[in-house]
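Colleague: Spelled out from the first residue to the last, the chains are:
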Amino acid sequence: MTDVQTVAALQWEDLEYTYPPLTPHMPSTPVLRNICLTLHRGERGLLLGPTGAGKTTLLLTSVGIIPQRTGGRFRGRVLVAGQDTRHTPVAQMATRVGFLFQDPEAQLFHVRVDDEVAFALENLGLPEEEITRRVRWALEAVGLWHLRHHPPAQLSGGEKQRLALAAVLAMQPAILVLDEPTANLDPVGREDLLHVLQALAAEGRTLFLATQETDWGIHLADTMHILVEGQLIASGPISTIRMDALPSPDVQALLPQTVQITHALRGHGFSVPLCLDIDQTVKALVPLLARASPPARSLSPSTEVHPSPPLPMDLSPTPSKPPSIVLRDVHYTYPSGVRALRGVTLHVEPGEFVALVGPNGAGKSTLARLCNGLLKPTQGVVQVGGQDTHILSPAQLARRIGYVFQHPDHQIFAATVWEELAFGPRNLGVPDEEVTRRVEELLRRFHLEAYRDVPPAVLGFGLRRKVALASVLAMQPAVLILDEPTGGLDATAGRDVMHYVAAYHRAGHTIILITHDMRLVAEWAPRTVVLQEGRILYDGPTRTLFQRPDLLHLARLTPPPVTQLAQKLEPWGFPPDVLTVSEFVAAFLNHAGPPPPSTDLSSGNGEPDPER
Amino acid sequence: MAVSYDVYVPGRSWLHTLDPRVKLVLSLDITLLLFLWPYPPVIAGTLLGLHALLWWTGIPWARVRWVWWVMLPLHLFVPLAWFLFQPVGPVFFRWGLLRLSWGGLWHGVWMVLRLDALAFAAFLWLFTTEPAQVWRTFVGLRLPYAFALMLALSLRYLPTIAGLYLHIRDAQAARGLVLDQGPWHRRLHARLPILIAVLITTLRLAQALGWAMETRCLGASAQRTVWRPLRMRPRDRWSLAVLVGIGMMVIALRAIQMYG
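Here the protein sequences come in this chain order: A and B. Under this note's numbering, the first residue of the first sequence carries the number 1, and numbering increases by one thereafter. Under this note's numbering, the first residue of the second sequence carries the number 1, and numbering increases by one thereafter.
Derived from the structure by calculation, the hints contain no laboratory data. The beta carbon of each residue, even a glycine, is placed where N, CA and C say it ideally should be.
Computed spacing ranges between beta-carbons, pair by pair:
| no. | chain 1 | residue 1 | chain 2 | residue 2 | range |
| --- | --- | --- | --- | --- | --- |
| 1 | A | Arg342 | B | Trp37 | 50 to 56 Å |
| 2 | A | His219 | B | Thr17 | 43 to 49 Å |
| 3 | B | Ala81 | A | Thr132 | 52 to 58 Å |
| 4 | B | Trp66 | A | Glu130 | 40 to 46 Å |
| 5 | A | Thr416 | B | Leu203 | 14 to 20 Å |
| 6 | A | Glu533 | B | His189 | 39 to 45 Å |
| 7 | A | Glu128 | B | Thr17 | 19 to 25 Å |
| 8 | A | Gln379 | B | Pro234 | 50 to 56 Å |
| 9 | A | His146 | B | Ala81 | 52 to 58 Å |
Not close to chain B: a few residues of chain A, all C-beta gaps over 12 Å, as computed:
| no. | residue |
| --- | --- |
| 10 | Gly72 |
| 11 | Val282 |
| 12 | Leu443 |
| 13 | Gly487 |
| 14 | Asp550 |
Some but not every residue of chain B turned toward chain A, in silico, with C-beta under 7 Å:
| no. | residue |
| --- | --- |
| 15 | Pro131 |
| 16 | Ala197 |
| 17 | Ala208 |
Starting from the given sequences, assemble the full structure and let the hints guide the process.
Modeller: This is the structure:
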């Protein structure tokens, strides 16, 4: 233990920060304003905020990367254990603040797991014996000691993030700052990381964590800090945050599903506290359900998974001859010998919305690449619109299959957003007038008009994601494959993206959604295909999947929190197969009847259901 | 699907367990031999010897074939260039810069075989040296740490960036980009969207990497230590002595041949 731990705390004093402009014409507005925040020693802070609110910027100030490495206008000060981050080199600050970045690829630069952990300790000039001791301690703390000789590149997503954490822990920092540590992890990877962080928090370390996975992060935190447009709109112990007084449904959507449920029930006149986790919610709802307990009944499997939201757009007419995707006993083996698919048979009907899920390495992306011709099966047949993909090039298939890649930066290259959107249709030989019509329409629908002449590469992540999606939609493919379309986006921005996708689906197009986010699957996809080790483990209604704990366990999946809550309430007659917050509330109202007359409505805020 | 271009072949052979610095001296000896004795029998013998060594070390034939495949463009270009522009012996056709000779072609063939032998000498080291030992070798040779780190990072991230290129190529192909049709200049131009996206992503990656290294205390102490540094065992010392002796003998024999 270092002496730092006796005074470990983070303090932001009236901070205002503006990045230097990326282009001469871009306005330079402050990203952070009036930030006054103190994290005491041993505190576990959860930082929430919509995409683009400034969360990563705020975290980067804690270790001095901002402003030391970024420049820009910096007013106020940030203190770590009493030291000003502007005047202490980042490498020195890192001994006090361990910083875990979102992307493990940029954090793991060695070729062996134990070397990765030793790197920081070598930089500190520690003796060899001490390095050996700490490497072992850190790897055991995250459960990776048995993989110490492996190359980091061969670890799963969850293991990589735990390794990055071990590399940080080895420095024995008193404070841990974590920026979206669960991005792109499968549900079990998230659980593994949660257990490690809970153990570290129990040792008394200060944690400051930014995440969009609020249902996950809430299990770690004792204080919550909500950042909106660069300003803290709420900050303090979780029990003191007036979650029912948050300014807009967009911000409320950041909260855990259990909070959204209890908040909505309060809107309907039920006197229930705002609950942060499933067990609390069960305790709060059971008395209300016990009043009236009809037998549990399942929601119909044919029930529409998502209530129809207002259509934000209607991109194109229904294709006259919609294609379907057919895979018959498809095998695929990479040149390296890795068998990614082993006898997959799948039929996707025109106009279907199918989710493709499974743990990292299950073969989801390989299957998608077989569909759009980037890969050809080593055995079996893949047909798109009745044609074998063996005889079609990816460019020919691009007319029928649009593939939105996981990382928008893998698609973005053009000098302007307008050119980016026009690139695909031009490749397909669409006439100039039609290209212009489509691009203008998409700019309007996606609210990108203001950025039409801006290089897309300099836009924020949420906008880049929109540009990447719009650039594929501009080709008007009959089948749209989306690989983690909401990754890195907050709930509201993610929902915006999915509304565009849903509108495209309702226009008669086929959607294949690849994701680890079970809330997304539950909300949007009536049918789910589960892949595991290159084989189809399950293919059927999403609603039924979440009632199959055996399958979920095998595929390292967990139902969304709202479904877990419903399942816990089943003994009180509650239908266990609800998938969304709005379904839950409807089922609750149906089941529990009107609120009891004695209900004290003074704590309710009367605001509308955030789901509506 | 992660793309891997690691060339290391795990094994327990004598070469695998030899100190990487000593193996570098072996590669250096072979290089000296090929430069000081650039004669067909020496080149052919060295190539045969290297293949025997690779076989004895347990390197799979697929890896050896891969090296030949990598060198294939040189097999076409070098002999042709010598045949067309570098006359050796009688010239049977002249026109402008063109001076065709069968001797030139013969020399071109041996020139490229010498390059093959040099490549195999380098790959002998890479095939048998664990990637984690690569930067320790540079540090062990007393190269500045910044230089060793730069080399190690290059080796670490080359596969990543190559994989990135393939990924982005796929992303653009999925948007209808046709890469392999039309004349060469059109094909080259078609690759611009890929190269620009690779550049943008690589710059982002480089920035994130730099930040991550700083937050892992890079530069925090002037007295950086090395964990598990390379240590020579008696067998390594004996091997080093023998290899240094062989190198000196190669130089001495060449000096005697030239001057004595």
